[in-house]
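J.: Here's the letter readout for the chains.
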Amino acid sequence: MLTMDNIGKVFRTDLIETHALRGFNLNVQQGEFVAVTGPSGSGKTTFLNIAGLLENATSGKYYLDGEEISMLTDRERSLLRNEKIGFIFQGYNLLPDLNLFDNVDVPLRYRGFKAAERKRRIEEALEQVGLSARMKHLPSQLSGGQQQRVAIARALAGSPRFLLADEPTGNLDSLMARQVMELLETINQNGTTIIMVTHDAEQAARAARNIHIVDGQVCDLALLNQPRPSQISPIRSAAEA
Amino acid sequence: MFSYYLRLAWLSLKQTPVISALMVLAMAIGIGAAGTSLTVHYTMSHNPMAHKNDQLYAVQLKAHHDDYDGGTSDELDLQLTYPDADNINRMSTPQRSTAMIRAGFSIKPDDPQLHPFMATGRATGRDFFGMFEVPFLYGAPWSTAVDTLAEPVTVISRALNDKLFGGENSVGQTIEASNHLYTVVGVIDDFHPQPLFYDLNNGAFHEPEEMFVPFSLLPVNKIEAFGNRNGWKSENLQSYDDWLRSEMYWVQYWVELETPAQKADFEQELAGYIKQQRQLGRMPSDTAFASLKNVQQWLDYNGVVSEDNRILLALSFLFLLVCMVNMIGLLLAKFLRRAAHTGVRRALGASQRQIFAQHLVEVSLIGVLGGGLGSVFALVGLAGLRQLYPYYDQLARMDITMLITVLLLSLLAAIIAGLLPAWRVGRTHPAHYLKSQ
Numbered sequence: 001m002l003t004m005d006n007i008g009k010v011f012r013t014d015l016i017e018t019h020a021l022r023g024f025n026l027n028v029q030q031g032e033f034v035a036v037t038g039p040s041g042s043g044k045t046t047f048l049n050i051a052g053l054l055e056n057a058t059s060g061k062y063y064l065d066g067e068e069i070s071m072l073t074d075r076e077r078s079l080l081r082n083e084k085i086g087f088i089f090q091g092y093n094l095l096p097d098l099n100l101f102d103n104v105d106v107p108l109r110y111r112g113f114k115a116a117e118r119k120r121r122i123e124e125a126l127e128q129v130g131l132s133a134r135m136k137h138l139p140s141q142l143s144g145g146q147q148q149r150v151a152i153a154r155a156l157a158g159s160p161r162f163l164l165a166d167e168p169t170g171n172l173d174s175l176m177a178r179q180v181m182e183l184l185e186t187i188n189q190n191g192t193t194i195i196m197v198t199h200d201a202e203q204a205a206r207a208a209r210n211i212h213i214v215d216g217q218v219c220d221l222a223l224l225n226q227p228r229p230s231q232i233s234p235i236r237s238a239a240e241a
Numbered sequence: 001m002f003s004y005y006l007r008l009a010w011l012s013l014k015q016t017p018v019i020s021a022l023m024v025l026a027m028a029i030g031i032g033a034a035g036t037s038l039t040v041h042y043t044m045s046h047n048p049m050a051h052k053n054d055q056l057y058a059v060q061l062k063a064h065h066d067d068y069d070g071g072t073s074d075e076l077d078l079q080l081t082y083p084d085a086d087n088i089n090r091m092s093t094p095q096r097s098t099a100m101i102r103a104g105f106s107i108k109p110d111d112p113q114l115h116p117f118m119a120t121g122r123a124t125g126r127d128f129f130g131m132f133e134v135p136f137l138y139g140a141p142w143s144t145a146v147d148t149l150a151e152p153v154t155v156i157s158r159a160l161n162d163k164l165f166g167g168e169n170s171v172g173q174t175i176e177a178s179n180h181l182y183t184v185v186g187v188i189d190d191f192h193p194q195p196l197f198y199d200l201n202n203g204a205f206h207e208p209e210e211m212f213v214p215f216s217l218l219p220v221n222k223i224e225a226f227g228n229r230n231g232w233k234s235e236n237l238q239s240y241d242d243w244l245r246s247e248m249y250w251v252q253y254w255v256e257l258e259t260p261a262q263k264a265d266f267e268q269e270l271a272g273y274i275k276q277q278r279q280l281g282r283m284p285s286d287t288a289f290a291s292l293k294n295v296q297q298w299l300d301y302n303g304v305v306s307e308d309n310r311i312l313l314a315l316s317f318l319f320l321l322v323c324m325v326n327m328i329g330l331l332l333a334k335f336l337r338r339a340a341h342t343g344v345r346r347a348l349g350a351s352q353r354q355i356f357a358q359h360l361v362e363v364s365l366i367g368v369l370g371g372g373l374g375s376v377f378a379l380v381g382l383a384g385l386r387q388l389y390p391y392y393d394q395l396a397r398m399d400i401t402m403l404i405t406v407l408l409l410s411l412l413a414a415i416i417a418g419l420l421p422a423w424r425v426g427r428t429h430p431a432h433y434l435k436s437q
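Taken in sequence, the protein lines are chains A and B. Using the UniProt record's numbering, you'd call the opening residue of the first sequence number 1 and step up by one each time. Using the UniProt record's numbering, you'd call the opening residue of the second sequence number 1 and step up by one each time.
Treat the hints as calculated values from the structure; they're not laboratory data.
The calculated lysine-lysine pairs, modelled on DSBU-like cross-linking and capped at a C-alpha distance of 35 Å, are: (1) B:K263 - B:K233; (2) B:K163 - B:K108; (3) B:K293 - B:K222; (4) B:K62 - B:K275; (5) B:K14 - A:K136; (6) A:K114 - B:K14; (7) B:K233 - B:K62; (8) B:K14 - A:K119; (9) B:K52 - B:K263.
The structure displayed is predicted, hence computed values, not measured ones.
If we strip away everything but chain A, and leave its shape as in the complex, we get (with noise of 0.2 Å):
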C-alpha cells in the first residue's frame, strides 16, 4: 500500500547539488510497524516527507494506496494527506495559541467535518491518549509526554491509515518514551500503519521491521520487501485468516 520506486531527492543550490535520497526502494504493507534507522543526514527525515507528502521526489514513483501521486495537484496531495496520514513529530509541533481541544480538531477542520462529528473524534482521541480531562488547556500547560501524546490524538482524530512518525521520543525521558512508544504499539496493533524514524536502537527494535538508511539509499534491500510473519501484526494476521 506505499510503495517507493526507484525514489531520488536532489536539494540544489548555487553552489552544490545533494543527493538525500537515490534510487530509494521500499514497500510497506498494511498495519505494519516499520522503524527508520541511519546516521544524522542519511536522509532519513527526507524519506518521511516525501512519504507524508509533504515533499516532491526528485525522480521515480511513489505510490499510496495504489495512486501515483507526482501527478496530483497541492489540492488533492493535501486532501490526501488529511484522510490517509498522521504526523508525530520530535517537537510536538502543537500550535501554542489553541488548546488542547482546538489542536486535534486542526485537521478535522481541513476534513469537513461537522462540528458533532469533530467533537466526537477528538473527545474519543484525548481520551485514547489519557488526556480527555484536560482537553481546556493550552500546551505550555502540559509535560513533554503530555504534549507528544495530545500530537498523537490529533494525528489519530482522523482515523488514518499512516502514522509517520520522526523521532517522537526524541525530547521526551525514558519513562515518557516508554509511555509513548506503548501508545504507538497499541494503535499499531488496532491496524494502523506506523512508520517511525529513530535514533534509538531499543526503540527500532521494538518495531516488526527495520530499515537502515545510509547515504539515500536502504542498506540491505533483501531485508525490506517481504515482512517477516513474526512482523505482521496482530490484528492483521487475524483479519487474512
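Given chain A's structure and the hints, the job is docking chain B onto it.
T.: Frame of chain A; chain B shown alone:
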C-alpha cells in the same frame, strides 16, 4: 470555514497585540486621510438631481459682442439679461421653467422681542418648487397666476418659520421684508441640495434660501440681486428700471424638458428668438447662439469640483498607498514569523488555498478594524475642516453612504495589501519548518 478563519484571525491579533495594533493604526491613518478627502470630493461631485439629470437644463445664451471675453470656454454667458429671461419665460415649449435671482431681505418681525435681521432670499417662479422637488411642510407653491400678476406672496423655509412663527403653520400670515408685506403661502421642509446646483454664482456650497418670492415682483418691489452681475456693454444705469432694461447678466434660468424631442423643439425656439433679437439690434455677434446644459454638465462647466480637491484626493490615496506598503511589510514579518505554524497546518492537511484564505481573512479583519478606526479619524478630520474653514460646513459631512464606502475601501485596501504576504505564507514549504519547531 470562514468562522473558523475569523476565530484564528482574532487569536492571531491577540497573540501579537503590538504589531497588530500597528497595522490597524497604519490602515486607520491612511483610511482617515483618504476618507476625509473622499468625503469632501464626494459631496463636491455629488449630483443632487441625478434622477432628473436629463430633464433639467440651465439655459445660456451668447448675447454679447465678440470683443467681450465672458471668461467661459464656450463664450456663453453664465447668466441671462432680464429682458432675455422675461422673453424666454413666455416661450411655449418648456412644460416648466423658471427665471430667478438670489436676493436678500431685511425682515422686521412682528414679535417685539426679535430684532430685525437679514434673510437670504430668492425671487423665482412657481415652477422652481416642482422642478427641483422642494418638499412642503405647510401650504403649497403660489398659483400660476401669481407669476404674471405679481402678488406679494412668499414661501419660507422651515428655519425662518421656526424663527418667526415658532414652527406653527404660518400659511396666511404676513411678513414684512425690505419694507414690503408678503403673505405666506407655503413653508418648505428640509431642502439641502448640495451642491446648490441651480445657482453656482454665489458659491456651490451653502444653505438654500430662507424666503422665496415671485420673480414677477422684480419690477414691482424692485428686488435687488445679491449675486454676481456682469455686462459687456457700457451703460448708464441710474435706476432699477435701467437695470431691468440693461444688457447686464444677472438672472439664472432653468427649464424642464422631459423628452429629447422637447429639448430639440426648445433649442429651435431659442434659435428663432436669437434671430429675432438680432433683427431688433440686440446680440451683436454673428455667432450668437443658445445652449442647454443638464445638471451634471452644469456642475462640470462651473468647476464645482476644484482642481485642488482632485489633487488633494490623489495625494490622500497616495498616502493610503504608503500605509498599505507599510502594512505589507508588517504582514510579511508577522506571517513569516509563524511560518512554522503554517507548516504544521499544511502537514495536517491544509492546502495552499486554505492557508491563503485563512490569512486573507486575517488581513480583512485588520481592514475592518482599521476601517472602523479610520472612519473615526475621518470624522475628526471633517470636524476639524468645518472648524477651520466655514466654507466646508456643508462639504465636510459624512453620510451613511460614505461611511460604508470608507469601510469597504479599508477592507479592499487591506486585502490588496495582504495578497502578497498571504500568498507567500501559503507557498511556504511545510517540511522546512516542521523539524525546526
